[in-house]
Amino acid sequence: MKQTELEQIITELIKKTEMFLPDEVVSHIKKAIKKETKIGKTILQSILKNINLAKNTHRPICQDTGTLTFFIQMGSEFPLRDKLKKALLNAVEKATKEVPLRSNTVDPITNKNTGNNIGNYIPYIDLEITNGRDCEITLLAKGGGSENMSKLKMFNPTDSLDDIKKFVVNHIVEAAGKPCPPTIVGVGIGGTSDLALKIAKKALLRPLGERHSDKTVSKLEKEIIELANKSGIGPMGLGGKTTVLDVHIEIGHRHPASLPVGVVMQCWAHRYGKVKIYGDGRVEWPR
Amino acid sequence: MAKVEEILLETPVDKKTLKKLEAGDMIRINGTIFTFRDKAHQKAIEFYKRKKKLPVDLNNAVIIHCGPIAKKTKEGWKIFSAGPTTSMRMEKLEEGFIKYSNISVIIGKGGMGESTAKACRKFNVVYCTFPGGSGALAASYIKKVKDVFWLEELGMPEALWVFEVENFGPLIVTIDIRGRNLTEEIKVRAKERISSYIK
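Listed in order, the protein sequences are those of chains A and B.
Heads up: the first sequence is residues 0 to 286, going by numbering that gives the first Met the number 0.
Heads up: the second sequence is residues 0 to 198, going by numbering that gives the first Met the number 0.
A couple of the hints might just be wrong.
[As the list claims (entries may be wrong)] Simulated pairs of lysine-lysine, DSBU-like, Cα-Cα distance not exceeding 30 Å: (1) B:Lys142 - A:Lys14; (2) B:Lys198 - A:Lys152; (3) A:Lys14 - B:Lys70; (4) A:Lys273 - A:Lys93; (5) B:Lys38 - A:Lys150; (6) B:Lys190 - A:Lys218; (7) A:Lys111 - B:Lys143; (8) B:Lys117 - A:Lys240; (9) A:Lys29 - A:Lys40; (10) B:Lys142 - A:Lys48; (11) A:Lys111 - B:Lys38; (12) A:Lys152 - B:Lys42; (13) B:Lys38 - A:Lys229; (14) A:Lys48 - B:Lys117; (15) B:Lys71 - A:Lys54; (16) B:Lys73 - A:Lys93; (17) A:Lys37 - B:Lys19; (18) A:Lys54 - B:Lys142; (19) A:Lys54 - B:Lys48; (20) A:Lys111 - B:Lys48; (21) B:Lys145 - A:Lys14.
[Unchecked claim] Distance ranges between label pairs, derived from CB positions: (22) B:Glu191 - A:Gly280: 54 to 62 Å; (23) A:Met153 - B:Lys198: 31 to 39 Å; (24) B:Ile197 - A:Gly251: 21 to 29 Å; (25) A:Glu173 - B:Lys73: 43 to 51 Å; (26) A:Leu126 - B:Lys91: 52 to 60 Å.
The hints are simulated quantities; they were obtained by calculation from the structure and are not laboratory data.
For every residue, glycine included, the Cβ atom is placed at its ideal position computed from N, Cα and C.
Build out the structure end to end from the sequences listed, making use of the hints.
As C-alpha cells, this is what we get:
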C-alpha cells in the first residue's frame, strides 16, 4: 500500500465519522424518543431528522465538526508505520476541504485560526504500539460545547465510591443543557490527573449499552445512569427523562496518595469510527 | 400552559407579537436571521459604543448564536451545516447587546443566565432553543446567504452571516418576555431531586 492510499482511507474515515452516526447511537436515540413527551420528544425527533438528513445529503451532522482525536493501535511491524503520521495530517487537511469541516484550530495567544485543522498537538494522536503487522485507527470527533464540560477532581484516597458517584451526577446536572444532552459520559477513575481524563475519553469509545467487565464498576455505571436520568434535565436541558444515553467508566491504577477522577462528556452526536488496516493491505471497516 | 402547535413568526419581529409567547411554546421563523457569536457580539458592542454604524439593521431582528460551515461556490456561498453554539458563552455580553441593538429574538442552545433573562424582561426579547448539534437540519432551512461581514477579520465561524430562512425551527421559547427561564427552572428542580436521592 502506498502513502496516498493510506491517506485516502483516513480521509474516508473522517468523512464517514462526521456524516454517519454509529447504528447503536441511533438506536439509543430512537428508544429515547419513545420515552419522551412534549418538548423532549420534539427535540429528539428533530435530532433524528438531522441524523437522516446528514446521512442522505452527505453533510456533517453538526457544524462543530470537533477536534479530531485519533486513537491508534499500531503493530510494531505495520509496513506503513513510517508513513502514518504524514498520511494522517494530509488526510485531515484534505477532509477539511472536501467534507468540508469547520476549521477548529486556533492559536491560543494570537487567536489566529490555521484554517486546516492542523496545529500544535492537533490533531490529537494517541499511539499505542502493539505486536504484529496490523493497524487499527479509531477517530473521535468531539465538539467544543461538550469538551468545555470536562472536569477533573483529585479525591482523597479515603473518599468512597459514593462520593465519586455524587460528584459525577452533580456535574451532569450542573452542565445541564450545555453539552447537548442526551450525552454519553466517560468517567476515568484512578491513574494520574491527565490519565484520569484520557481514560475517561477512551471510555466513550465503548459501544453504547455495554457495561464494564468488573461488577462493582458496572453497578456504579448503572447507578449514575439512573440518577442522571431521574434528574429531569432531559434533551437539551429543557426537561425530560433522557439526560444521558450511557455512562462508561474506565479504571486505572493510582498512586497510594492520589485518587483522580476525570469526567468527559460527549454530545448526542457521538461521532466515532474505526478502520483496520492489515499488514497485507486489506482494509476493514468495523462499525 | 405551553401551546403544542407551532407559531410562525415573520422577520423583523414586532415586539407586540412576543407578548403571547410563553416559555415552552414552539415557534418557527420566516425571513432574515443574523449570526452572532462571541467575537461578533464584542465587535458590535464596540461599534455601538463608538456610535459607528453596523453593516446590518438589527431593529426587531432575529439573531442566532452560530458558527456555520460555509463554502464559496460559483453560485455564491453555500451553507453545509449551521446549528446553534452554546449560548452561555455570550452571557456576559448579551445584556449590552440587547440594550444597544433592540433585537426581538435570540436563537441558541443550552440556555442562558440571569442577566440575559433580566434583559429579555426589560427590553422585550425572547430567547429560543434550536436542537443543538442539528447542523444539517438547520442548514436545510437556510434558503440563501444574503451577505457576510467581518469574514476576513473574524474567520468563518465568528463572521456575521446574513441568512434568508424558511420555517426555521423547531424553536422552543426558553426565556420569555416576562423573564421566565425554562432551563434555569429545570436545573433548580434537578438539583433538588438529586439531593433528595443522594444524601
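Quick rundown of the hints versus the structure:
{"no.": "1", "hint": "B:Lys142 - A:Lys14", "in the structure": "holds, 25 Å"}
{"no.": "2", "hint": "B:Lys198 - A:Lys152", "in the structure": "holds, 20 Å"}
{"no.": "3", "hint": "A:Lys14 - B:Lys70", "in the structure": "holds, 16 Å"}
{"no.": "4", "hint": "A:Lys273 - A:Lys93", "in the structure": "holds, 18 Å"}
{"no.": "5", "hint": "B:Lys38 - A:Lys150", "in the structure": "holds, 26 Å"}
{"no.": "6", "hint": "B:Lys190 - A:Lys218", "in the structure": "holds, 23 Å"}
{"no.": "7", "hint": "A:Lys111 - B:Lys143", "in the structure": "holds, 28 Å"}
{"no.": "8", "hint": "B:Lys117 - A:Lys240", "in the structure": "holds, 29 Å"}
{"no.": "9", "hint": "A:Lys29 - A:Lys40", "in the structure": "holds, 10 Å"}
{"no.": "10", "hint": "B:Lys142 - A:Lys48", "in the structure": "holds, 18 Å"}
{"no.": "11", "hint": "A:Lys111 - B:Lys38", "in the structure": "holds, 13 Å"}
{"no.": "12", "hint": "A:Lys152 - B:Lys42", "in the structure": "violated, 36 Å"}
{"no.": "13", "hint": "B:Lys38 - A:Lys229", "in the structure": "violated, 37 Å"}
{"no.": "14", "hint": "A:Lys48 - B:Lys117", "in the structure": "violated, 34 Å"}
{"no.": "15", "hint": "B:Lys71 - A:Lys54", "in the structure": "holds, 22 Å"}
{"no.": "16", "hint": "B:Lys73 - A:Lys93", "in the structure": "holds, 21 Å"}
{"no.": "17", "hint": "A:Lys37 - B:Lys19", "in the structure": "holds, 19 Å"}
{"no.": "18", "hint": "A:Lys54 - B:Lys142", "in the structure": "holds, 20 Å"}
{"no.": "19", "hint": "A:Lys54 - B:Lys48", "in the structure": "violated, 45 Å"}
{"no.": "20", "hint": "A:Lys111 - B:Lys48", "in the structure": "holds, 26 Å"}
{"no.": "21", "hint": "B:Lys145 - A:Lys14", "in the structure": "holds, 28 Å"}
{"no.": "22", "hint": "B:Glu191 - A:Gly280: 54 to 62 Å", "in the structure": "holds, 59 Å"}
{"no.": "23", "hint": "A:Met153 - B:Lys198: 31 to 39 Å", "in the structure": "violated, 24 Å"}
{"no.": "24", "hint": "B:Ile197 - A:Gly251: 21 to 29 Å", "in the structure": "holds, 25 Å"}
{"no.": "25", "hint": "A:Glu173 - B:Lys73: 43 to 51 Å", "in the structure": "holds, 48 Å"}
{"no.": "26", "hint": "A:Leu126 - B:Lys91: 52 to 60 Å", "in the structure": "violated, 40 Å"}
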